[in-house]
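Undergrad: Residue numbers (the UniProt record's numbering), protein chains in the order written: chain A, 1 to 340; chain B, 1 to 446.
Be a bit skeptical, because a hint or two may be false.
To be verified - Taking lysine to aspartate or glutamate pairs in the EDC-like style, the calculated list, with each CA pair at most 20 angstroms apart, reads:
(1) B:Lys305 with B:Asp97
(2) B:Lys112 with B:Asp283
(3) B:Lys24 with B:Glu262
(4) A:Lys330 with B:Glu411
(5) A:Lys330 with B:Glu242
(6) B:Lys5 with B:Asp212
(7) A:Lys4 with B:Asp317
(8) B:Lys284 with B:Glu185
(9) A:Lys330 with B:Glu185
(10) A:Lys333 with B:Glu262
(11) B:Lys443 with B:Glu400
(12) A:Lys330 with B:Glu399
(13) B:Lys258 with A:Asp329
(14) A:Lys330 with B:Glu403
(15) B:Lys182 with B:Asp118
(16) A:Lys333 with B:Glu400
(17) B:Lys86 with B:Asp344
(18) B:Lys18 with B:Asp344
(19) A:Lys4 with B:Glu325
(20) B:Lys5 with B:Glu25
(21) A:Lys4 with B:Glu324
(22) B:Lys443 with B:Glu403
(23) B:Lys442 with B:Glu411
(24) B:Lys9 with A:Asp69
(25) A:Lys330 with B:Glu262
(26) B:Lys305 with B:Glu324
(27) B:Lys360 with B:Glu325
(28) B:Lys433 with B:Asp394
(29) A:Lys4 with B:Asp342
(30) A:Lys333 with B:Asp408
(31) A:Lys333 with B:Glu242
(32) B:Lys53 with B:Glu81
(33) A:Lys4 with B:Glu185
(34) A:Lys330 with B:Glu400
(35) A:Lys333 with B:Glu133
(36) B:Lys366 with A:Asp329
(37) B:Lys284 with B:Glu126
(38) B:Lys305 with B:Glu126
(39) B:Lys112 with B:Glu59
None of these hints come from the bench; they were simulated from the model.
Chain by chain, the residues run as shown.
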Amino acid sequence: MKDKLLVTSSPQFHHPQSTASIMWTVSLCLLPAGVWGIYIFGMRALLVTLTAIVASVGTEALLGLINKDKTIFDGSAFLTGLLIGYNMPPAVPLYVIVFASVFAITVAKWTFGGLGANWMNPALAGRVFVFFSWTSGMTRWTLPHPGSADVITGPTPLGSIKSGLMTMADTITGPMDLLAAEGVPVSYMDLFLGRIPGSIGEVSALLLILGGLFLLIRKIANWEIVASYLGSFVLLVWVFGGFRYGQGLFSGDVLFQLFSGGLMLGVFFMATDMVTSPLTSKGMLVYGVGCGFMTYLLRFFGSVPEGVSLAIIFMNIFVPLINRAFQPDKFGKLIEEEAK
Amino acid sequence: MSRFKTFPKGGIHPTDYKEATCNKEVQNASLTSTAIIPLSQHIGAPSECLVQKGDLVEEEQIIGKSGGFVSANIHSPVPGEVLEIKKIFLPNGMAVDAVVIEVKGEFKRLGKDADLRDWSGMSNEEISAKIAEMGIVGQGGATFPTHVKLSLPKGKSCETFIINAVECEPYLTSDHRIMLEKGSEVLEGIQIMQRLLSPLKTVIGIEANKMDAVELLQSLITEKGLDIEVMPLEVKYPQGAEKNLIKAITGREVPSGKLPLEVGVINANVGTCLSVYEALVLDKPVIERVVTVSGGAIKNPSNLKARIGTSFRSLIDDCGGFSEEPVKIIAGGPMMGFAVYDLDTPVTKGTSGILALTSKEIKAAKPTPCLSCGRCVSSCPMGLNPTKIFKYIDFNMTEEALEAGLMDCVECGSCSYMCPAHIPLVQGFRGGKKIIRKKSMKKAGQ
Chain A
1 MKDKLLVTSS PQFHHPQSTA SIMWTVSLCL LPAGVWGIYI FGMRALLVTL TAIVASVGTE
61 ALLGLINKDK TIFDGSAFLT GLLIGYNMPP AVPLYVIVFA SVFAITVAKW TFGGLGANWM
121 NPALAGRVFV FFSWTSGMTR WTLPHPGSAD VITGPTPLGS IKSGLMTMAD TITGPMDLLA
181 AEGVPVSYMD LFLGRIPGSI GEVSALLLIL GGLFLLIRKI ANWEIVASYL GSFVLLVWVF
241 GGFRYGQGLF SGDVLFQLFS GGLMLGVFFM ATDMVTSPLT SKGMLVYGVG CGFMTYLLRF
301 FGSVPEGVSL AIIFMNIFVP LINRAFQPDK FGKLIEEEAK
Chain B
1 MSRFKTFPKG GIHPTDYKEA TCNKEVQNAS LTSTAIIPLS QHIGAPSECL VQKGDLVEEE
61 QIIGKSGGFV SANIHSPVPG EVLEIKKIFL PNGMAVDAVV IEVKGEFKRL GKDADLRDWS
121 GMSNEEISAK IAEMGIVGQG GATFPTHVKL SLPKGKSCET FIINAVECEP YLTSDHRIML
181 EKGSEVLEGI QIMQRLLSPL KTVIGIEANK MDAVELLQSL ITEKGLDIEV MPLEVKYPQG
241 AEKNLIKAIT GREVPSGKLP LEVGVINANV GTCLSVYEAL VLDKPVIERV VTVSGGAIKN
301 PSNLKARIGT SFRSLIDDCG GFSEEPVKII AGGPMMGFAV YDLDTPVTKG TSGILALTSK
361 EIKAAKPTPC LSCGRCVSSC PMGLNPTKIF KYIDFNMTEE ALEAGLMDCV ECGSCSYMCP
421 AHIPLVQGFR GGKKIIRKKS MKKAGQ
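Next comes chain B alone, as it looks inside the complex:
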């Protein structure tokens, strides 16, 4: 038994491959000559495009305005001229409008000394407005607009504010490097959010494979006398999944279909904390992020600080290109990330990693019949019976699938990863959820 806390049910231990990049300092990626900036880099409504073909934009100028309550601003990461606005496919398969900007003119911030601002005099409303203005979204992968998350509904309060520094996806080390290199900044970002939420308790959850980050943050907290707890957690995937992290830290289970606030918890990713710091102290919008470029096919795996809109190809070239032919290129981690077919895919606010994997790493095989081995059941962190739900969907028994908890599936991929028959369980669940949503929309329309 481990001496660290974790969530009790399910979970898996995939090889983490983190040693390729976890000791490499974040380098600046080379500047792209044309940036492709999708107008939907977050969950919720796409941003409204504010520019036209031929417009000249400045670095950090707003080019996409928040298009609804759950939406976020998008800023130009480079100064230049708008070449065109075209449809592109994001890694998740969505077709979205994207602004293509050719770099031209002067950078506002690049190469200049930082001008630090004091936020302590600001009111909560001003802080919140600043976070919204700077287009901050959750950087753990879900990309939920941060200002929406931080505005507590009336009558609700935040008991525990959890900083998600788990980074349980294999290969990825961007959060790890952020903590090591920008520890003080992250902590200040947390303080800003503490002001907004006034939680009873603030906990940073880190997996025990990053003890150097735990020690560093702990010493910084002691030095500054902050009211933040650093909690090392047992290494187990998917510890970073919101509900499982809350269970591990507070022991409470978020009910099915409910938000963490139901048990008095607000979550934020480490990268998001850094963005909040940059927004309030440096007055800087989200125009760049740290991306782990790794995988067996990458010559020199690294952590790169890349501007939004930089192509995957450019970042891979920064890492010396391919050492061998990759079979898959992935945006994000290998468990929940998306396979891309096009190296011109741009980095967005949610791109935590770019992985080029070899066939040896992915171990793909054709699906064979289910053996009822029960590995999907024992690995499911949500306590579901994946093989049964999959069969329901297969037989188009959507009511039964719903009853069995299909909507509770977080698509972490543990079941598919373990399945010796290589059955694409998660893919089936995604399909099933879509069918159910369509059906309920039809019903509502009648």
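Isolated chain A, as found in the complex:
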């Protein structure tokens, strides 16, 4: 048995989590929300998601072949594909998804050096790329139609608000009123459970929160990012969100903003992407607050209804700066300061 012993430098054993297990765990936590998307938007949603996954993993495999590098089993390309699929409207043309996936893997990930070296979240990069290239295809929303094959298009709640604000009557005091006046009424429960038009994987706030909580417990998602992102966004919406409806301070509709659009998907699964978020706790808090602030700005003052993807990409750009500004405190610093 002598020649079989393994000799390595310490430490001699390891935490159970690995890159691959983290990627697959995140994918698993995303699954319930996708199943819900397929349930309310039909088999077309499944086709969209599968196309994104196949295109992403295929691109990764091809690039791996060229670089003689087997990286498709680490789960990162699968996760990117899954997230791209989740960020697509169910009725999007399939070639758009392929473009998004190829862009994400090739440009956003591999040109910068592959896994770990990309400066922005590949899935978001892919989504934003096709959003501005095929805007009409990317904004063709489908009304939920569980169990039926009739596909009716209709706007998302955030989209209705953006367009409705232009012609709003004086009696409207908040987004829920406005939606009712626009003829697309929803309840908070619809928003929370996901009985609304939207991207496949973003609609079910409930299932995304459950998956996200699991990631927090397993310490795969950092609570610093989740808490500061949600906290700053909620605070801004609550304090200033009422202005656009002619209301005063502290009257924003927090619940509506929380559960509509891609916020939950972004907060739990994309802002927390390890590669494109800061290293230290303090850095993560700053990054999260930045994400919350940018999401608020884009949603309330931007020209497109959604703001989460752009907000996160915007903050991704600052991560190297944040890392430089927020270094960990070295042990022994206390004494040096005392001596001064």
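Place chain B on chain A using the hints.
TA: Just chain B, lined up with the frame of chain A:
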């Protein structure tokens, strides 16, 4: 939040696997027929060999004389004949001379009643000389010669004397068993060292997973009316690392590159206290120690009292051998211990454990690219940025690595343990430190 104190920054919670041996009384290991005694079992200069091939030695005879200021005596653990003096590799990779002794003749002490001596009449110099003579070194793993540590430089005084009974390495329970079975002896050893150091305060730091030891020592202290505090600490690795333990107990941070004495602290391990007791009261040198033999591949994990020079193989056989094929054999704990390739490796003064681990336990994997997840940063007890330092070393940017605090790294292994990409961070830091030392030696030589 825990009700116990700990160090604030970093730290990890590996599975501790201590239940395999923590309730097992220390057994005597079987006597070896040939003892292999390395002449360097401590930090500092190797001991000078005093014997030749063919010499007959007695049990407890000095065979290696302290070879410098920072060095220690080495005694023969068995009576017998010197077969040869050969080079062997220690688990840490060092090639050292070792005396091979075949057991022959009579044991001086074995099987006889202890003859207790009174040290209270001795002067500090005599006590210190005795500790040096008996070859006592720190038994927590660093193996720093104890008499050197206990001799305070002029103008320095010891405010807090800390007994390190943390034993934060997973699997290991030898210190735990020593406290439970030799509590009074340990306390007397502490009293001897208190005499030398005259500290304002003496604290025994124990992790809260050993509350039975805390209670036992506390009751012994109350009974004897000693001026010693027992402080249970929150369970967190690496609590037993010198600087982190000082931070946890006193709240003070030892500055980078400085010794604990800078903040008025002297540390000693529990096992060392027992050795000091044995040296002064029993007139016995360090010829044996308690070793935890454990791990998933060991049939019957135990704590064994083994003579220095006994082979790992013999101790593993005492535990019933292997229950399954081990992947790694480790000298020490799994976080900072060394993997050995040879079961004929002998037990030395610093061997706290022998672990035979299965592949299920070690969870090894090939390194993948860094994800910048920040786990190394949040687990580093020294407040460093391991991933950045590793990249500096990787790109041969040693100046930048130094600036980023490479030399502050205590090689506790927390970052490598947590790294989901399985990057061998600590190995990189060891390499980087070597390169830097070589460079500075070159500079000094010019």
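Undergrad: Could you check the structure against the hints above and give me the numbers of any it violates, in ascending order?
TA: Numbers 1, 3, 9, 18, 20, 23, 24, 26, 33, 35, 36 and 38, in rising order.
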